[in-house]
Each structure stands twice: as structure tokens, then as C-alpha cells.
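2 protein chains.
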Amino acid sequence: MSRRVVVVGGGAAGMGAAGGIKAADPNAEVVVYTGFDDVAYSPCGIPYVHGKEIDDFQRLFLASKQAYVDAGIDVHYNSEVTSVDLTRKVAYVAGAGEISWDALVLATGFNYADPGVPGGTLGGLYYVKNIREAMEWDKVLDTVGQAVVVQASPLGVEMVTALAHRGIETHLVDPSPWPMSEIADPDIMAPVEDSWRELGVKVHFNTTLEAFLGTDEVRAVQTSEGEIPAQLAVICTHKEPNNALGIAAGLEVGSTGGFIVDERMATSAPGVFAAGDCTEIPNGLTGVPLQGLTGSHAYAQGKTAGINAGGGSRTYSAVYVPWGTAAGKWIIGGASFGETTATALGVPFVVGSAQGISRARYYPGVKPVKVKLLAEPDSLRLIGAQMVGGEGIKERADFLAMAVKFGFTLGDLARMENVYSPAIGALNEPIVVAAQNGLDAA
Amino acid sequence: MSRRVVVVGGGAAGMGAAGGIKAADPNAEVVVYTGFDDVAYSPCGIPYVHGKEIDDFQRLFLASKQAYVDAGIDVHYNSEVTSVDLTRKVAYVAGAGEISWDALVLATGFNYADPGVPGGTLGGLYYVKNIREAMEWDKVLDTVGQAVVVQASPLGVEMVTALAHRGIETHLVDPSPWPMSEIADPDIMAPVEDSWRELGVKVHFNTTLEAFLGTDEVRAVQTSEGEIPAQLAVICTHKEPNNALGIAAGLEVGSTGGFIVDERMATSAPGVFAAGDCTEIPNGLTGVPLQGLTGSHAYAQGKTAGINAGGGSRTYSAVYVPWGTAAGKWIIGGASFGETTATALGVPFVVGSAQGISRARYYPGVKPVKVKLLAEPDSLRLIGAQMVGGEGIKERADFLAMAVKFGFTLGDLARMENVYSPAIGALNEPIVVAAQNGLDAA
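Listed in order, the protein sequences are those of chains A and B.
Residue numbers for the first sequence follow this note's numbering, so the first one is 1 and each next one is one higher.
Residue numbers for the second sequence follow this note's numbering, so the first one is 1 and each next one is one higher.
These aren't lab readings, by the way, just hints derived from the structure by calculation.
Predicted model only: the values in this text are computed from it and were never measured.
Honestly, I wouldn't trust all of these hints.
Copies of the same chain are indistinguishable here, so a pair counts whether it falls within one copy or spans any two.
Taking lysine-lysine pairs in the DSS-like style, the calculated list, with each CA pair at most 27 Å apart, reads [as the list claims (entries may be wrong)]:
id, residue 1, residue 2
1, K22, K370
2, K367, K89
3, K139, K65
Can you build the whole structure from these sequences, using the hints too?
Here's what the structure looks like:
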């Protein structure tokens, strides 16, 4: 009899797992349960449709439902797995009874943290997640004059930019002194804030959300600094692991609330794997668990979980977290620690920074590229990087995460060769200059 | 008495050296001799002005002559150093007598290899090098209907693209079966050739140059496959080290004809350094000397030579040669070996390839990115990479050269984390997919 693997969740982790199971065991019976109407679309693209960078939500769909049928993956839409019994190895599906499994993959994702203020049940509060709901909200955006984005999380930063591009008077409310303050340093975000101002965005930092005001629909947002009229509030709070199902079944969770998994993405229960935002993964430098990484992490974790659930063997490593996104008119990104995070964790560091350019300075389309490198004081081993610029940020972030992982020093980076060709790269690679500046200062 | 360092050559290596000397010893007397009217312009930008991507030659100038005066660097323009006496430590300057030095940096660059066919003294033969001459040739281009580019070297590839963009009927003549055959693999260059065809370029591969035909001015180019009418021939032959001055003085040269230098960029004579295209540098994997690298290499070598000539200490390492350029409508690039080079050298390898994309597939401006990785068969250590695509090639080439240098394996690259954000990076990084494909095939 063929192996049956049940996957709970149809996001990047769940569908990565489904593919991983089939890759390891083409004969496996793969059954996916999702609470939504769709799988295989890109939720990360939603802000860009709202911002009109992308013209149609249909473009976010990556594969047809038939493609999964053809691949032998049995996806159950609008289905809720209400509980799992780890001893009997069965899952209970609302309205459909129980299904037994040989292995189980939990890819149950995240929930936005409750903003925890009065008025949370009013209309006009938008949690960006489901593409069908996003399509409805997109129509609402045409009617909105003023909007408040609650919290300058990465999604918050993208939504501020999107709503401003949409021509909506956009306010950003965040209790921190600058956007993405848990990840990015203030010098990296300063150009983003400048470009938001050019777009007419009103930022409210060091400002606490106090209430959503209105009768049925939100009409204003109450903050510690006053009331902001708004017909829409986009709630971009922290992503909390959605793991009530697994906790009820007895799976162990860690300090972040995410499932504890080993390098095979196996949970504390035999035959049960987990992947994506419902898990936590150790930081490669500190071992401190991290939760709420990116879609790319979720997909790779899902694939690893699926391969192992399907009888194969793959490991997933501790993470060094390259990150990046468009923000205002800039691209921001980095890897591992910034100055703010390192300082908060008590990790000592030296800094090397450089303001460089992406192409020859006379070549059309040349953009600034600022690189900041953090290194351990004595060894000068890289421990993190932050960047802001116009292009080439993602590729540098990927590289610098590997540089942290493999223990490159500022000296290694200062001696790095680089492509120089007017249309694609400047004589002086900003990473090299930043590393040399760090050496000179150390 | 202050140290006097004489630099022969005002290109990237020479001016890098001048800066390096001053960095090591701000009191040093730095005297630069150049045969040209200018220093501190970007010769690499010349094809792009011809192609009208850049609107004015003035934009290629990077610093004013006054800037060097202000920096205490004494540049002698239109000056020829006719000989150097390594025992007496003097240089002889045509029309200006001798000048003594405490240290000497030779940055005498390259000459294009003589095409070695009849008609080489006709008018209408353009060797791309000097910006003042390029300005004159640019006027000629307005009068040219048909042009032949001789050899599909990197410069040849850039000039073909430029002349085609300029609306000139452009022919490319090369004895090899595909362009840049000494560096790039045919699968990498195929899209470039396709895009040239779209621009109306006529390629003549496996075709030998036999003569330039004409009375005073070239009127046609004779090849093994027939006669090509042309009012202009752009000679893009191999760059040979221009080191007659050093050889006459007794400096040792290596198998490529370039000066042999140690890791301090010191030649065989005490106090004499060399940098740039007149030198040869070992390949990091094979130790085989390479000559004729890029402006970025020349500048870094010059800086190293200058710092050491100025009494400081810096080393330059063996090279892994990240490379890249615009070609037709694509960007090509790579690091270390391609399949063709590895095969020619008898280096065994396995290959992992992937056709990926630069952004989310639904995001405006998304471009294809093909990555091909070469690895040692048993260890699966990376030995080279080649790429063709629309963006992000330079940054990946820089990274992959470091990956070769530091012995990353296909497994390391397959487990690499990557930024996923719709506007800047796809869910699947092409390097990761190529590495995984290589693992699956190995």
C-alpha cells in the first residue's frame, strides 16, 4: 500500500512539502487541506497589485488547480483540519470525517498579532493575506481617501508604498522611532522615509495605536499623538505562529511560540513534520530561534519536510536570513545582524560603510548602493550587512548571508575581485569599499 | 628628502598606483608619465558613447586635471618614457632628460595584436583606446554605412552591439565558431547572437581575416569566406602586454609575455613594480598565468603596487576572474572556468544549469537569468560559472568568483538562502536551482 502523507496548509510551506513528498516518493498519496479557495498564488504580490505596479490579481496565480491534479496532489479547498491524533495517526476534517496518515506535515502559517485595542471588529480593517479578499479590498481602495497602516513591519512598508502609489493619503503609525526597526537600521531607512515624504506619506513614529474609531466602519484611528481620519486601516502587526492545532495535539513549541523542529524539519512527535511560519529555526550565528521568516524560507523548509515525510533525506540548516524588499523608491536589504539588532543582543561589532554606485557613474540607470558591513571586533569576521540602493541589493544580500555563514572576514571582502563593465558594474564594488573602510577603521 | 616614485602609464593601473603611493606616503613625490592627453577617463565607456547609450564623451572623464594637481600627483601628459636604468634608478623622458626614482611603477598597458594581414596601414582601421581619437572616430561613424568588427573579443562584442545600435550595417568576423570563444560557452552566447540578428548584425564565424582592401581608405575586408564591403574596420584583436620598456631594462616576463610579479606586484628588479595589462597574474585554481584582465583588476593591482612602492604593505592574490558585460540585448558573465575553457585545459567537471528569472514572474521588468555551474566531479567544489540574462549578472559573478575561491560546493550553493521579494527576486534563486540540478545529476 502506498504511503499517505497529509499536509495541513496550502501556502509556500505546504505546497513546497507536497512537491517534496512526490519528489521523494512518486507513489505517495499526498493530501493537502487548505482553508482557502486557492493554493499556488503569491501572497507577497498583493501589495504590488494594490499599488498598480501589477495590473491584475490573476497574474499572481502560479499554477492552475488542474496542475496539482495532474501532479497527483489531492488538494482539498475550504477545508478545516480541526484536530490531529498523533497516536492513531489521523486528522479530523470538518464535515468530512477522519483521514489516516503515515506522515503529517503541518504548514499552518501565521496569524497577525491582535492589535489589542478597542474597535477591532469595525469594518474597514484590512488584514492582507487571502487573495480573494484582496480582490474585494482592491475595489474598496478606489473609494478610500485616507488610510492608516498600523505598524512599519516589512508588509507595512510595502503597503505604505502601495497605498501612496495608489494616490491615497497614507498615514503610518508605529511605536518605534523608524520603520522596520526590528530589522533595519535608521540610516538604511532614512532614504525610504524621504521618498515616502515625496509621495505625500505622513509618518507617525514613536506613536502608539490606541483605538479604531467608528460605528460600523472605521472613520478614524486614535493614537497617542492624536486622531487620524481614515476610511481604511491596514493591520500589519507581527506574524504569530498559527499552531493551535499542533499544540492541542501535544507538539512542543519554543520561545517564539513556533514548533520546535530538528534539521529534518521533524517535530517532537514521530512522523510529524512542520515548516514555514508555524515553526522556529535557529539563527546561524547565535542559535537563538527565529520565527516568521520569508516565503523563500517557508518553501525550502516545506520541501525539506516533504522530502523527509516522503521517506527521503534532506536537511535544513540554521539561517542567516538574507532579506530585501522595495520600499518607497528604494530597495533595502541585508543579511543577519544590523547595528540595531546587534546592539540589542549585546553582540559587539565594528562597522565598515560605503556609499557606492551600481554601474559606471556615467551609464544610464546608474543607482546609488549603500553597503554597511558589521564584523566581530577581533576576528573581523562578518556578522551582518545592511544596504539601501537602487538595484543589485537582493543578489548582494544573498551573497553576504553566505559570507556570514562561511566566516568571511572584512579582509576577504576587501580583496574580492569584482566585475567592472559600464552597463552593469562600477569600478569599485561597494562591498569591497565598505570592507576596506572597515579594515581602515578597525 | 621625500621619496620619489615614478609611474609610467596613466590608465587604471597607473592612476591606481598614484593613489596608492599617496595613501601609503602622503609626502611622496609622485610623477606620472602618460603618452596621452588625458588620464582618469573610462576607456571602457567608449563603445557605449558610439552606441549612443551615453550622450557625450565628456561624461567619461572621471576627474579633472586640477584634481591630480590638488592631490599632489604630478602628471606629465604627451610624454614618452624611452628607457629606464634599473641600476642608476633613472627614467629617460623624450625631450625632457632623465628623472631619478626611489621606486618605479610600470603600468604600460597593452597593445592590440597586429592582425597581420595586408592593408594594415589603410585609413578606416579603428583601434579603440584613446578617448581623443574616439571623439574623432565618432564623427566618422555618422558617415559609415557598413563596418566590420575584427574578432569577437569582449571589446568586439561591445563594439558590434554599439555599431548596430548606431544603425550601421555591422559584420563580425571571427575565426572561432562563436563569439568570445576563449571565455564564454556557446549556450551562453547563443541568445546574444539571436539578439544581434534582431539588430541586423551579420556574423561570420569560422572565418579568417585575409586582408584589408582599398587604396588609401579601406573599402572592403577580405576573408576566407569572401569579401565584405566596409568603410570602417574596428580591430578588436587580443590585448598584448605593452612591455618593451621593461624588457629592454631587463625585467622578467612570463609565458603570456606579461611581467612576472609577486604578491606585492613587485617585478624581478628591486624597487620596480608593475600592474595592469602589462603583467601576468596566476589563476587561483590552476596557477596558470593570465594576462589582459579587466580595468577593475588593473586598478586594484595598481593600488597594491603603489602602496608597496610608497613604503606600505598590501598583497594581491591569485585571480578567479569574475567577468561580465552587456552584449546585444543581454548581460553575460561568469567566474573562473566555463565548459570550453575547462575542456581545453583538461579539467574534469560536472555541470548544473538552471533557467531562472530575476524577479517574481509577474513583476514588471522581470528578466530571464540562466546560470550554469561547473564543479569538480568528486568533491563537487565549484570551479566556475557562466550566466546570461537580463539583470543581476554582475553581482552573481562577483559572488561566484568568491565561491570558487573559498571552495564552496554545489551542496553549499543548493542550501543557500535567498531573498524572495516580488520586485527584486524570485522565489527560486537560479544559482540554488542550478546547484540542485548539478547535485541531482552528479
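One pair to classify: K367 and K89, alpha carbons no more than 27 Å apart. Within, between, both, or neither? Cα proximity of K367 and K89: none, with 56 Å in one copy and 46 Å across.
Should K139 paired with K65 be assigned to within, between, both, or neither, using CA atoms and 27 Å as the limit? within (25 Å within a copy, 60 Å between copies)
Checking K22 and K370: alpha-carbon separation at most 27 Å within a copy, between copies, both or neither? between (43 Å within a copy, 26 Å between copies)
The structure is inconsistent with hint 2 alone, although it conforms to all the rest.
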